[in-house]
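J.: The sequence shown begins at 1 in this note's numbering and counts up one residue at a time.
Calculated directly from the structure, the hints in this document are not laboratory data.
A portion of the hints provided could be inaccurate.
Estimated spans, in silico, between C-beta atoms of each pair [claimed, not checked]:
#1 122 with 208: 48 to 58 angstroms
#2 176 with 141: 38 to 48 angstroms
#3 125 with 17: 31 to 41 angstroms
#4 115 with 200: 18 to 28 angstroms
Yeah, the Cβ is synthetic: ideal placement off N, Cα and C, and Gly gets one too.
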Amino acid sequence: MPKVLQHSGHVLSQLGQEVAQAWSLLIEQYRNDRRLRIFARELVSANLLLIFLPAAVIWAGGAGLIAVPDTDFLHPGRDGSLPEMFNYAQTGLTAAFLFLAWRSGESLACLAWAALFVFVLLDDSLQYHEHMGEWLARVLALTDRDGLRAVDFGELLAWVLAAAVLLPLVAVSALRTAGRERGFAILIGAVFSALVFFGLAVDMLHQFTGLRALTLLEDGGEMLSIAAACILSFGWYRLGRANPGR
């Protein structure tokens, strides 16, 4: 058992060093690459505006400061809204940057993560987990329980099925790479975990509690998580172009 723990500690230490290497390279690229800095700042600013503008308008209307207009077009959680369309765009850009990084000579992990973000885009635009969740709830005769709807359990199962197909691809690709490339893949994985947390865990908590504030946390968290992935992916792609033989 001590040998197992020692080996596990060595592996975790190595992974930590690889993540630190990738992060240091990205920070250095950010400092030296004006285009990356502008892209990151504008993307974060646009996300914050699209997240908080509807909330500010609704608050001002509730306080009687303004007449509340129809905010559906600006609401991040509404189908076809401006924030939703913007989220589609930055998700697609994330997948594209990861694909371009792979084409530029980066590890297979970039291609695997690109495929995963393509799935995220298709899930958001085609509502895979909503439709699959409804179908599973009906076929499996799921019932409401503990404050959650049957369709909520169905959506959770839909996510599990998708993860069972896609996550092994990411895991296999990670095993075939090492060094700073694997460190970058872990960074993207951490951001993707945040996306899953806001899109799944916070969504379930919102359904359970009914707190309206959780809607802003869920939608805003998802948008900022994808923005972070987009910035990291663009930075890694720009780093590969600036240092093709690194």
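J.: Each hint: holds or not?
T.: Outcome of the hint check:
With their beta carbons about 27 angstroms apart, residue 122 and residue 208 fall outside the hinted range of 48 to 58 angstroms. Between residue 176 and residue 141, the C-beta spacing of about 42 angstroms keeps the proposed range 38 to 48 angstroms intact. For the pair residue 125 and residue 17, the supplied restraint of 31 to 41 angstroms holds, since their beta-carbon distance comes to about 38 angstroms. The beta-carbon spacing between residue 115 and residue 200, approximately 19 angstroms, falls within the hinted interval of 18 to 28 angstroms.
In summary, the structure is inconsistent with hint 1 from the numbered list given earlier, while agreeing with all the others.
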